Amino acid sequence: MASRRKTAIRLPRKYAKDEVIEVKTRIIHPNHNGRMAYKDQGYIAEYYVWKIEIFYGDESIITVSASAALSQNPYFTFMLRATHSAPLRVVWVDTQGDQYTESVDVVV
Amino acid sequence: MNWLMNTRLFTETLSKAALTRRGLLRSAAAIGATLVFGKVARSEPEDLIADQPPPEYTLEERLQPILAGREPREDRVTLEMPAYAEDGAVVPLRIKVDDPFLGSGYVKSLYLFVDNNPDPLIFTSKLAPDLGSVDWKLKIRMRESSMVRAIAEMDNGDLFMDTTEVEVSISGCG
Amino acid sequence: MRKTISRRGFLKGSTSAIVGAAGLAAGAGAGSQVSHGAAPTALITRHADIPAAKGTRAVVVGGGWGGLTMAKYLKKEAPDWDVVLIESHATFMSCPVSNLWLAGLIDLEFISHSYLTAAKNNNYIYFNATVIDVDRSERVVYTSGGQLTYDYLILAPGIDYDWPAVGMLDPEEIHLLHTHYPAAFKPGSEHLTLKRKIDEFEKGLFVLTVPSGNYRCLPGPYERACMIASVFKRKKLKAKVLLLDFNPKVKIKAEGFQAAFQELYKDYLEYVPSVTVHRVDVLNKTVIGEFDDYQFDDASIYPRVRGALLIETLGLVAESSPQKEARINLFRNHLHDDLRVYVIGDSRPMGYSKSGSTANDEAKYVAKVIVGLDKGKKLEWKGPYTSCYSMVNADPPEAIYFGSQYLPPLIAHTPMDMERTVKAWIERGSAFAWRDQNMNRSPEMGQAMYAWAYGYYKDLFG
Numbered sequence: 001m002a003s004r005r006k007t008a009i010r011l012p013r014k015y016a017k018d019e020v021i022e023v024k025t026r027i028i029h030p031n032h033n034g035r036m037a038y039k040d041q042g043y044i045a046e047y048y049v050w051k052i053e054i055f056y057g058d059e060s061i062i063t064v065s066a067s068a069a070l071s072q073n074p075y076f077t078f079m080l081r082a083t084h085s086a087p088l089r090v091v092w093v094d095t096q097g098d099q100y101t102e103s104v105d106v107v108v
Numbered sequence: 109m110n111w112l113m114n115t116r117l118f119t120e121t122l123s124k125a126a127l128t129r130r131g132l133l134r135s136a137a138a139i140g141a142t143l144v145f146g147k148v149a150r151s152e153p154e155d156l157i158a159d160q161p162p163p164e165y166t167l168e169e170r171l172q173p174i175l176a177g178r179e180p181r182e183d184r185v186t187l188e189m190p191a192y193a194e195d196g197a198v199v200p201l202r203i204k205v206d207d208p209f210l211g212s213g214y215v216k217s218l219y220l221f222v223d224n225n226p227d228p229l230i231f232t233s234k235l236a237p238d239l240g241s242v243d244w245k246l247k248i249r250m251r252e253s254s255m256v257r258a259i260a261e262m263d264n265g266d267l268f269m270d271t272t273e274v275e276v277s278i279s280g281c282g
Numbered sequence: 283m284r285k286t287i288s289r290r291g292f293l294k295g296s297t298s299a300i301v302g303a304a305g306l307a308a309g310a311g312a313g314s315q316v317s318h319g320a321a322p323t324a325l326i327t328r329h330a331d332i333p334a335a336k337g338t339r340a341v342v343v344g345g346g347w348g349g350l351t352m353a354k355y356l357k358k359e360a361p362d363w364d365v366v367l368i369e370s371h372a373t374f375m376s377c378p379v380s381n382l383w384l385a386g387l388i389d390l391e392f393i394s395h396s397y398l399t400a401a402k403n404n405n406y407i408y409f410n411a412t413v414i415d416v417d418r419s420e421r422v423v424y425t426s427g428g429q430l431t432y433d434y435l436i437l438a439p440g441i442d443y444d445w446p447a448v449g450m451l452d453p454e455e456i457h458l459l460h461t462h463y464p465a466a467f468k469p470g471s472e473h474l475t476l477k478r479k480i481d482e483f484e485k486g487l488f489v490l491t492v493p494s495g496n497y498r499c500l501p502g503p504y505e506r507a508c509m510i511a512s513v514f515k516r517k518k519l520k521a522k523v524l525l526l527d528f529n530p531k532v533k534i535k536a537e538g539f540q541a542a543f544q545e546l547y548k549d550y551l552e553y554v555p556s557v558t559v560h561r562v563d564v565l566n567k568t569v570i571g572e573f574d575d576y577q578f579d580d581a582s583i584y585p586r587v588r589g590a591l592l593i594e595t596l597g598l599v600a601e602s603s604p605q606k607e608a609r610i611n612l613f614r615n616h617l618h619d620d621l622r623v624y625v626i627g628d629s630r631p632m633g634y635s636k637s638g639s640t641a642n643d644e645a646k647y648v649a650k651v652i653v654g655l656d657k658g659k660k661l662e663w664k665g666p667y668t669s670c671y672s673m674v675n676a677d678p679p680e681a682i683y684f685g686s687q688y689l690p691p692l693i694a695h696t697p698m699d700m701e702r703t704v705k706a707w708i709e710r711g712s713a714f715a716w717r718d719q720n721m722n723r724s725p726e727m728g729q730a731m732y733a734w735a736y737g738y739y740k741d742l743f744g
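Listed in order, the protein sequences are those of chains A, B and C.
Heads up: the first sequence is residues 1 to 108, going by the working numbering.
Heads up: the second sequence is residues 109 to 282, going by the working numbering.
Heads up: the third sequence is residues 283 to 744, going by the working numbering.
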């Protein structure tokens, strides 16, 4: 059964060294854009993931800086050349300053 | 408890220049969510409410600093989106760049714009030189029907772009 | 598709199509097509066995909540009209409230009703047949029971499932999925199959899915998850409902449902948001998601919904409709080029909830529009009301409530002041003019839900 953690990374089941593989990531986060009315009392305040940073080993390979327009539970998939065995780490940072980290090992 | 939460957020808000435009924040829990919902425990930061929505930006304001006088060529980038989206809260998209890491350098940055969104800039990004391929999938919010543009910036400063038109029909739910 | 077609052209085309089908059904070669050739022609030229029209005749296609209301209220608005309700089922089974039956709170009689009684009580004709085609130039409806003419035609055909939208393209696999794990949002055999599944479930994971887009009964899958979980809880089973939602959060009545999930069904229900279904592997009992795969012991898979196939076969699908809904005037429900043909209910293109109560209120308004236009009178537009209870607890029965009225539809190319409409929707963050809700479940609300259903059945059949 798949895990139902707040954060998740998925790699293909099988891949070879130097193969370009698809990496899927997602975080469960309300990602409020600050524009939804809250009854008649104002707006649900902005509260969203503004940065997604991917580390392969120690190297930062992708940084996405987002506005409030990613959908709730931000989903992001990208391609990566699996050149070496190393942890693949994703760090999500939201507008509250909270950081969420998830990591999987790329093994070639 | 609510007061503490507010204070913490308020401090952080002040410390983040980009976010100070937010109005005075109050906690929904403090102003009656507990009364309204009774059984629902609401103590997450998502409960905070603001007097004002964030400001809106024009496409020009957001696009010009990135183009910086350069003209993107309609080539190499492919932006795939549904022509009709029945739920603007979740619009899937895929951005591909042809041969990004061969011959003529690599993709340094990808940008996404939705012309008619209150803030047309959806994201900026930085990419390492040795990823092997650029093929991204994300889901975004769209307020209304709009032109969407994906722009790739190469390491030598060349810009490539693809655009697509998405018609958004708002479903009548909540 | 064709707009108008001559009678002769219709006969030619349809006959060959039906013969082809008959040949296939017989599993025989070309020879059988010849021997069956006379039947469809006889069917099409036959006149339906119903009393002759005594006045202006309105034909209503589809006896769901919208169609039943339409037939009754046309008769109320214009007692001298001749109203015929064509419905392919011989018994009415209500989709609203059916989740309560699945959990054993009510018996089947509560949601089953007689078309004959409805027709008798309200002085219209119930014709048990299936519509095959419509000739708008001659104003003829062709059915499995013969043809009949109309002055006004109101189509209320409901929904069909959009299998390709959940990655199901192969008819073999669609057949397997539909028979093994039906959605049960088109009442009838699907519901009976699901009820048995729930009753016989012993342990493991029972998967339900919530589709993308505007689907029939927005709170339905969430209510159903609660009701099935209540059965597992009552029986103290080692069993869990796994609710896989395309949406990033509970789409409607979120506070009330989430409270129930957490407080009543912690061990019996798990909610997973943002699950896009790519395919269902029926043989391996697995939902293949965009991100994860989910193995199940039993399931009820709710694919995306689309406007009924009849709307498409009649060539009435709106050009830019992602869910193949009808091309109609958004304020008066008639075809743009034909004021004698109307579409109501779940095949409409407006973003209203595809629900029984919405269809009921819409039908009352459109009945007034039709009779009004016939007498040269134009009616002020009125947004439909929606009124909706969901049972979240079975022991004791406790419900939550949401009621509202819709603002004008927000779709481009309407004669409305677009800017004003857009602004109204955006400012309110929704399509509603007002809301009345109660997310605090209580036994009183549970009783109110029974009364609500009883009231509607009385309106439809009494």
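In short, the hints are calculated from the structure, not lab data.
Being a predicted model, the structure only gives us computed values, none of them experimental.
Heads up, the beta-carbon is just placed ideally off N, CA and C, and yes, glycines get one too.
Treat each hint with caution, since some may be false.
Pairwise CB distance ranges (calculated) [as the list claims (entries may be wrong)]:
hint, chain 1, residue 1, chain 2, residue 2, range
1, B, E273, A, A37, 45 to 51 Å
2, B, E273, C, K657, 41 to 47 Å
3, B, Q160, C, K664, 31 to 37 Å
4, C, D579, A, M79, 31 to 37 Å
Results of checking the hints against the structure:
1. Restraint check, E273 (chain B) to A37 (chain A): a C-beta distance of roughly 28 Å breaks the suggested window 45 to 51 Å.
2. The beta-carbon spacing between E273 (chain B) and K657 (chain C), approximately 43 Å, falls within the hinted interval of 41 to 47 Å.
3. Checked against the hint of 31 to 37 Å, the C-beta distance between Q160 (chain B) and K664 (chain C) comes to roughly 34 Å, which is consistent with it.
4. Judged by the Cβ atoms, the range 31 to 37 Å given for D579 (chain C) and M79 (chain A) holds: they are separated by roughly 36 Å.
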